[in-house]
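Colleague: If you're matching them up, the sequences are chains W and D in order.
Just so you know, the UniProt record's numbering puts 275 at position 275 of the first sequence, and the rest follows in order with no gaps.
Just so you know, the UniProt record's numbering puts 201 at position 201 of the second sequence, and the rest follows in order with no gaps.
Interface residues of chain W toward chain D, partial, derived using beta-carbon atoms under 10 Å:
{"no.": "1", "residue": "G234"}
{"no.": "2", "residue": "I251"}
{"no.": "3", "residue": "V268"}
{"no.": "4", "residue": "W276"}
Since the hints were made in silico from the structure, they are not lab data.
By construction, the Cβ of each residue, glycine as well, lies at the ideal position given by its N, Cα and C atoms.
The residues making up each chain are set out below.
There are 2 protein chains.
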Amino acid sequence: MVNAQVRRNKRVVQKCYLSGPVKESDMEVVMSDTVELALPAGSTAVIVQNLCISIDPWNLTLMAKKDASGLTSAPLTVLTGYGVAKVVVSGHNDFKVGDLVWGITGWEEYSLISDPNSLFKINHTDLPLSYYTGILGMPGLTAYAGFYEICAPKKGEFVFVSAASGAVGQLVGQFAKLTGCYVVGSAGSDEKVTLLKEKFGFDDAFNYKKEQDLNATLKRCFPEGIDIYFENVGGAMLDAVLLNMRNYGRIATCGMVSQYNLEKPEGVHNLINILWKRLRMEGFVVLDHYSKYRKFEEMVVQHLKSGKITYVEDIAEGLESAPTALVGLFKGKNVGKQLVVIARE
Amino acid sequence: MVNAQVRRNKRVVQKCYLSGPVKESDMEVVMSDTVELALPAGSTAVIVQNLCISIDPWNLTLMAKKDASGLTSAPLTVLTGYGVAKVVVSGHNDFKVGDLVWGITGWEEYSLISDPNSLFKINHTDLPLSYYTGILGMPGLTAYAGFYEICAPKKGEFVFVSAASGAVGQLVGQFAKLTGCYVVGSAGSDEKVTLLKEKFGFDDAFNYKKEQDLNATLKRCFPEGIDIYFENVGGAMLDAVLLNMRNYGRIATCGMVSQYNLEKPEGVHNLINILWKRLRMEGFVVLDHYSKYRKFEEMVVQHLKSGKITYVEDIAEGLESAPTALVGLFKGKNVGKQLVVIARE
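Please construct the entire structure, taking both the sequences and the accompanying hints into account.
Modeller: Right under this line is the structure:
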């Protein structure tokens, strides 16, 4: 019988720095040598068993040789990202064995978390744990901080969300409806468009792949213009949005997923509208908003339980499916929040 | 002897909508038929004699068939813009004959101002009246609102100003120094670069026409990066600046003069930095900040009188010189604030 504290650790490693679109062959699932699940005396780290990992556009930026933020992963190291996990060994006073947590972890079965202060404890175990990779985790807080803080929405305003069926977008749209805004979303398939309108309560939605002229599409959807653009894609969509913004509009730059796979980003030509229309375009990163997490969590848990907010996940099973899930994300294959379940509680 | 209240009115008219770069032949100086300088009974308008007109990049945008802001002038109408004037006939209780004012007027000797509430009375006649086309007028208030409100500067921050020797830029740089910032300016001639460093107290300055690689230039000038960019030019300079901004930087979009003469604006490729670096890019229009005028005026008058702020003008004589002055502005010919004196007090 294997000692309970000794394991081989299955993991997804990055084989090389990314160049061009991410491919499954950029990653490899490997099995480590046998490792002991134990900490040296005096350590304040924890060891966690990973239960779910979150597949986010952000993962990709870590795999480039050097991204604009200066962050990078090295080849042959395990991929990192957000996940839900259970503490199996603890050297930290605030965490005990069996605690459920979410935060940055590895794409592997077991991870050493050197700084457990980066983890959030999971309080609401009556909701699916996987929600903490999405609506109750990083993407949810991203939607909350981006919409309420950066967009500063007012009742009756016109809101446009791109990549609207994704983890962040679906929640932004629902926040906009709760605020009394008119909200339109774009997505990359008819199935997603139906989801936006029928499941998430968007007032309107369109499949951007079927539109010939995004400027005309936005004029049709927003005859009075756009007050708030929640930006997830960048490039041509941003250019069309700039032409359709109203005076004093706000653009919350949350992502530019259309640009991450490009050698040279597309040019955006209509920035002069920032001047004419007194627009504010502001980037934000969820890390800066962690202090709002508990307030956000209570709000969303309450709305989830009362049915005022709904949530759709796209769940892949097993660590082996993670590379395909990541590649699929950039091809728009996921419907709803993409995650991978590694182990079930 | 000519009746004092009857005049022929020399004026600059727009001959056609602009297409491509502005040319002198787009404008024409004409003499009106004899007009009576009088108002109908009950009118609340005023008639002013124009003393100086301000030559601003903004003038150009009014001459296009339709600019992005929706504003436009019609062909064969007199050009409009900011100016300094003297009230010669008044139907308005707040204005009396002889009052000196600044505000929107015509490129002509005499103008009818239908809504005199748009005019500011000039209080400080111990300073040159022409200052009210620049440092004490619209460009000055633009620098003040843009720098103090939109840029939210802090002592010790790194500030970059493009078109820095112009009416707005020279004042932004001096405000930055008064705030305890490090400030670098760009301009289009060595003479202007000298002016920035020796007259306006910029810490450094460069002639962008002599630089091969603006990204490298900015890295040289700002090894630690840029906190605040006061944007007057757009295009390639903005692209280079985005690569050199620091986290939480601010870009005040005041103008994009490099783009006004283009059929299709240049593409800007590095907007992803707005996300990575949590930048705020915000456009503003001075009209929205008129309520701050008197506070601004008192501050700048005090600094002008104590010598803490200095000012350079490029004065052309006579209404006939206005078309050349406007064309020259877009070729960077002016050194300091460009204005035209029509009549002297």
